[in-house]
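Enquirer: Can you build the whole structure from these sequences, using the hints too?
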Amino acid sequence: MLGILVLMLAAFSSGALNAVAGGGAFITFPALLFAGVPPVAANASSTVALFPGQAASSWAYRREIAAGGQVNVPVFAALSLVGGLAGALLLLLTPNAVFARFVPWLLLFATSVFAVGAYAPGIVSRLRLGGRSVLVVQFLISIYGGYFGGGIGFLMLAALTLFGLRDIHAMNGLRLLLAMLMNAAAVGTFIVAGAVSWPETAAMAVAAIAGGYAGAMGAKRVDPKLLKTLVVIIGTVLTLYFFAKGA
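Per mature numbering (1 follows the signal peptide of the UniProt record, and there is no 0): the sequence shown = residues -19 to -1, 1 to 228.
Everything labelled a hint here was simulated from the structure, so no lab data went into it. Predicted, not measured: the structure shown is a model, and the values here were computed from it. Warning: the hint list may mix true and false statements.
Stated by the list, open to error - Simulated crosslink set (SDA-like; lysine to any residue; CA at most 20 Å straight-line):
id: 1; residue 1: K226; residue 2: L89
id: 2; residue 1: K226; residue 2: W86
id: 3; residue 1: K226; residue 2: L(-15)
Expert: Here you go:
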């Protein structure tokens, strides 16, 4: 019982983090690993558990999403669904032992990308993406999102920034919507394949909904820099832990 409560707390925190700054997978995925769930099932279960929270956050941002007129939302949505499906299938084809060796490297990549976006935005501000280029980038992000997903929030924000969007609330709403869609494809794939550990996932999903909605509603009141710093710290600690564990 205590283990489930800890997982629910992790899911609530992840749902709130995803809504405000991104990086929720840094909490739920390791929490499931610590609870004894195998790596591939832990990744699949984390994705399924966080999906309802992303849906709640997207609903809370529905007005901001509608204001992002520069983006062709249906095209981005279709790419996110197809890319998320491709990434999920790729995960299911990866044996547990192989994926376990990937974990620290995936965490390192996601943490590094997130940190660059949080503390050195000038690095990406010199670049520019055209209409076709941003679609290619979004498709690749979607594949990564379906496969692992850590850091996709910043990756999408960076792509939207390079595309020319400046309204942070519209960008955040689009980020949440597209992440939800790519995970929708992954969620369906993981459920059909029987890759989800349901006792943990069901309880976490309820907590993620509460965290996702609360995080979205409070996003304008919380300093995002503080939360981004927390995400980077968590990612760094977990990366070091899993590298040491695999050594």
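Enquirer: If you check each hint against the structure, which ones fail?
Expert: Hint check: 3 fails alone, others pass.
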